[in-house]
Each structure stands twice: as structure tokens, then as C-alpha cells.
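Residue numbers (my numbering), protein chains in the order written: chain L, 17 to 135; chain B, 921 to 1069.
Quick caveat, the hints were computed from the structure, so don't treat them as lab data.
Source: prediction; values computed, not measured.
Take the hints with a grain of salt, since some may be wrong.
[Said to hold, decoys possible] Chain B side only, calculated, beta carbon under 7 Å to chain L, not exhaustive:
| hint | residue |
| --- | --- |
| 1 | I928 |
| 2 | I932 |
| 3 | I934 |
| 4 | D935 |
| 5 | V940 |
| 6 | V941 |
| 7 | T944 |
| 8 | T946 |
| 9 | P965 |
| 10 | W995 |
| 11 | R1023 |
| 12 | V1026 |
[What the hints assert, rightly or not] With a Cα cut of at most 16 Å, we get these calculated EDC-like pairs of lysine to aspartate or glutamate:
| hint | chain 1 | residue 1 | chain 2 | residue 2 |
| --- | --- | --- | --- | --- |
| 13 | L | K65 | L | D109 |
| 14 | L | K116 | B | D935 |
| 15 | B | K958 | B | E931 |
| 16 | B | K958 | B | E947 |
| 17 | L | K116 | B | E939 |
| 18 | L | K116 | B | E931 |
| 19 | L | K127 | B | D935 |
| 20 | L | K116 | B | E1018 |
| 21 | L | K116 | B | E947 |
| 22 | L | K80 | L | D31 |
| 23 | L | K127 | B | E939 |
[To be verified] Here are the computed distance ranges between Cβ atoms for each label pair:
| hint | chain 1 | residue 1 | chain 2 | residue 2 | range |
| --- | --- | --- | --- | --- | --- |
| 24 | B | G966 | L | H88 | 41 to 51 Å |
| 25 | L | Q110 | B | G1019 | 19 to 29 Å |
| 26 | L | A113 | B | G978 | 17 to 27 Å |
| 27 | B | G978 | L | A105 | 13 to 23 Å |
From the three backbone atoms N, C-alpha and C, an ideal C-beta is built for every residue, glycine too.
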Amino acid sequence: MTADPDDELWAAIADPSRRRVLDLLVQRGEASASTLAGQVPFSRQAVSKHLVVLQQAGLISRRKLGREVLYHVDGPRLDQATRALAGVAREWDQRLATIKRLAEAAHEQAKTATTEHGS
Amino acid sequence: MSTTEYRIEREIVIDAPVEVVWRTVTEPDQITQWFADKVELEVTPGAHGYMGFGDQGGPVVVEAVEPPNRFSFRWNHPAGDEPEAGNSLLVEFTLAGEGAQTRLRVVESGLDLLAWPAAEKQRYGDEHNEGWGKFLDRLATLVAEHPEG
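Okay, chain B solo, but in the shape it has when bound:
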């Protein structure tokens, strides 16, 4: 059992209404323009689909679909396995309309905390956000100071 875990959080403000951004994020023919080369996907919770990247690719499973604010899917799980927490990466899009603009946030996380008690998970989650950013900053500084080790 591993405790493999990571979390990436990014955000962007778009000069377009939330409904337009929603279509860009969720429609397969749009997804092929910003993510995978080949997308077979039904935007329904629980739907199994496929995303291809060049000659590679794999199954995806849609999790949350709440137009026009939330869309999430799991990918990168071992072929043949049912994707679930612990064996896949969860990509969560959150869209917030702000007047004529939309704030789009993406969180990609892979959690494998099977053996962790609930309280520990909570603490872990809380500490993670701040700690991770600080940690990365330090790593980046260190690498900048000591290029090539």
C-alpha cells in the first residue's frame, strides 16, 4: 500500500459568461482542443468514457456534473480497473460566474489514504494546502540556488 498523494490547484479568470465556459470545459469537441486528442465522453455522472493522447490513452469516468458550476472526472487509473479514490487522479473544475467574467478553478488530486483514520485525513487536508505551496516554493528556491545539484 502506498500513500501516494499530490494535489495541484490552478485558477484563471475568463472574459466570458459562465455558460460559455461550461461548454468549453465539458463538450467533447471542445475538450479535444485543450486536453486530449480523442475524447469519447457522455457528460453524465458515472458515465465511462475514453480519452486518447497520441497513441496512448485510457478510460475516464465522469463524477460530478452540475451545470454550469461543477464538472469532475477521474482518469489515469490502471487499465482494466474501475477508477476510484486511490487508483486514479480526480480532476475537478469549478466555475464561478462573476458578472461578465468567469473564474475557472481546477484541482487535480490523487489520494491514497486508505489506511488513514478520518481525523487524520481531515488534518492532512487542512495542512496540505498551505504546506504544499510553501514546500514547493522552498524547493524551487533550492533548485535555483543549486542548479544540477
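The following block holds chain L by itself, in its conformation from the complex:
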């Protein structure tokens, strides 16, 4: 099986706990694992595991500041994720708009035909 880079990305953000961690990082800009652990209902170990997966997916990066390791969101990859999702949603919006146009036209036509027939 070939590993699609998008698969890794989806897998990283599919888990609700992991999304929570990512959400917090998006809000805060930068934080340590301990800081994040203080704001979620799961253990610091769990937070660390989530951070590893998010980092592997290229969604976050880390830097050392003294003895602390700080994590921050990675703009380009998040941008890519957002675009991918927004793109799919937009496609469906366009399809629904087309269905609306088609159905309303068909209905108009049927009404007109009935009226002409009746008069």
C-alpha cells in the first residue's frame, strides 16, 4: 500500500482529542506540552503522543527555549488542510446549487405546461 501524504494528514486531525490539542495550539500560538496538558481532560503522556503525531503530519513544529520545548502550528500545512476541506465543501455547494437550478427549472416547466394545457 502506498502512503498518501494526505492520509497522514487526515489521520492526524481525525482524532477528537488530537484536534483538541491542535485547537489549543491554534488559539495560543505556542505552548509547552505541560501547559497544554493543564487545559485538557487527559494526561500529559497522552498530550505528548498527540503532539508527536501532529508533528509527523507536518501540522505543528517545535523549538527549544531554555529547558522548555515549545510547540506551534505550522502555517503552510494547516493552510493546505484547510484548503483541501474547504475545496470539497465548496464543490458540494456548487453541486447543490446546480441541483436547485435544475429542479426549479423542471418544476417551472411542469407548472407552465399544466397551465397552458388547462387554459
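Given chain L, put chain B in place with the hints provided.
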């Protein structure tokens, strides 16, 4: 094994009765106008068909057919494989007649939760809806604030 998952949910209100919308959503010669370029499809549960997009395309399998309210099919699964939960995208249309209008909802989801216990799946599903929207909003805000990273 991957935990690839996503879910898109969209809705629109149409000024036409539910029976008319049903035909637009399910009849192959209508589907070619809003979805695929080429559609070979029998609207029967379990029926295997084909949808082509330009020079690409692939098999589809019809799941639910409950006129005029529910229609669903699976697509985007690997060629040669039987589409099922985990290897394909499920597209579900729900049509609700509201007087002279119809509320049309589409949900596209791809679930690969093979290793998940049932309780976890349930929780996941519950949390997903709200969490996803909020998450996307934040992502969109972030991207808007930091264009091009």
C-alpha cells in the same frame, strides 16, 4: 491501517416539490448535469454502476433508495475492490418536503474506524459534528491571519 476520516455536510432549500428534486438527484441523465460527465446507474440498492469525470472515473455502488426521501451511494474506492465502509466515500442525500419547498441535505463521509470499539465510534460521531466545524472555523481564521504561512 489508517484512521482516515472526514465528513462534509451541506444543505440547500429548493423551490420545488420533493418529487421533482428526487428525480433531479437520482436520474442518470440529471446526475450528468450536476455531478459526473458520464453516469451508468441503476437506482436500486446494491446496484453497481459507473461514474466518469473527464478521462477519469470509477465504479459506484448504490446503498439506500427510499423515494422520495433518501438516496445514497459509495464512490472513490480503489479500482477492483468492492466498496465498503473504510475504502470509499459515502454520499447520502436526504430530501425533506416542506410545503412547496424541499430541503436537500448532503453528507459525504469516509470512515475508517475498523479498530475502534463501538462506544468510541459513538463518542467520535457525537463530538465530530461540532468539533469539526469549530476546528475548520479556527483554521480558516488562522489562514486568513497568516496567508502563505
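So, going through the hints one by one against the coordinates:
Annotation: interface hint on I928 (chain B) holds; nearest CB of chain L at approximately 5 Å, less than 7 Å. With its C-beta approaching chain L no nearer than about 4 Å, I932 (chain B) sits inside the 7 Å limit, and its interface hint holds. Checking I934 (chain B) against chain L by beta carbon gives a least distance of about 5 Å; that is within 7 Å, so the hint holds. A hinted interface residue such as D935 (chain B) counts as satisfied when its beta carbon comes closer than 7 Å to some beta carbon of chain L; here the least separation is about 5 Å, so the hint holds.
A distance limit of 7 Å between C-beta atoms decides the matter here; for V940 (chain B) the minimum to chain L is near 5 Å, and the interface restraint holds. Interface hint at V941 (chain B): satisfied, since its Cβ lies 5 Å from the closest Cβ of chain L, which is below the 7 Å cut-off. Annotation: interface hint on T944 (chain B) holds; nearest CB of chain L at approximately 4 Å, less than 7 Å. Among the interface hints, the one on T946 (chain B) is violated; its C-beta lies about 11 Å from the nearest C-beta in chain L, farther than the 7 Å criterion.
With a cut of 7 Å, the hint placing P965 (chain B) at the interface with chain L is violated, because the nearest CB-to-CB distance is about 21 Å. Violation of the interface hint for W995 (chain B) is found here, the shortest Cβ-Cβ separation to chain L being roughly 13 Å, above the 7 Å cut-off. Below 7 Å, beta-carbon pairs count as interface contacts, and R1023 (chain B) has none with chain L, the closest being about 11 Å; its hint is therefore violated. For V1026 (chain B), the interface hint holds, the least distance from its beta-carbon to any beta-carbon of chain L being 6 Å, beneath 7 Å.
Using a Cα cut-off of 16 Å, the hinted pair K65 (chain L) and D109 (chain L) is violated, with the two alpha carbons roughly 36 Å apart. About 8 Å separates the Cα atoms of K116 (chain L) and D935 (chain B), which keeps this hinted pair within 16 Å; it holds. The suggested pairing of K958 (chain B) with E931 (chain B) is violated, with an alpha-carbon distance near 25 Å, which exceeds 16 Å. At most 16 Å may separate the alpha-carbon atoms for a hinted pair to count; K958 (chain B) and E947 (chain B) meet this at roughly 12 Å.
Note on K116 (chain L) and E939 (chain B): the hinted pairing holds, with a Cα-Cα distance of about 13 Å set against a maximum of 16 Å. Of the supplied pair hints, the one linking K116 (chain L) and E931 (chain B) holds, its CA atoms being roughly 11 Å apart against a limit of 16 Å. At roughly 12 Å between alpha-carbon atoms, K127 (chain L) and D935 (chain B) fall within 16 Å of each other, so this suggested pair holds. Distance restraint check for K116 (chain L) and E1018 (chain B): the Cα-Cα separation of roughly 15 Å lies within the 16 Å cut-off, and the hinted pair is therefore satisfied.
Taking the CA atoms of K116 (chain L) and E947 (chain B), the gap is about 15 Å. The hint holds against a cut of 16 Å. Taking the CA atoms of K80 (chain L) and D31 (chain L), the gap is near 27 Å; set against the 16 Å cutoff, the hint is violated. Between K127 (chain L) and E939 (chain B) the alpha-carbon distance is near 14 Å, which keeps this suggested pair within the 16 Å criterion. A hinted range of 41 to 51 Å for the beta carbons of G966 (chain B) and H88 (chain L) is consistent with their spacing of about 49 Å.
A beta carbon spacing of about 26 Å between Q110 (chain L) and G1019 (chain B) agrees with the range 19 to 29 Å that was offered as a hint. Our hint of 17 to 27 Å for A113 (chain L) and G978 (chain B) holds, since their Cβ atoms are close to 24 Å apart. Taken as a hint, the range 13 to 23 Å holds for the pair G978 (chain B) and A105 (chain L), whose Cβ atoms sit roughly 22 Å apart.
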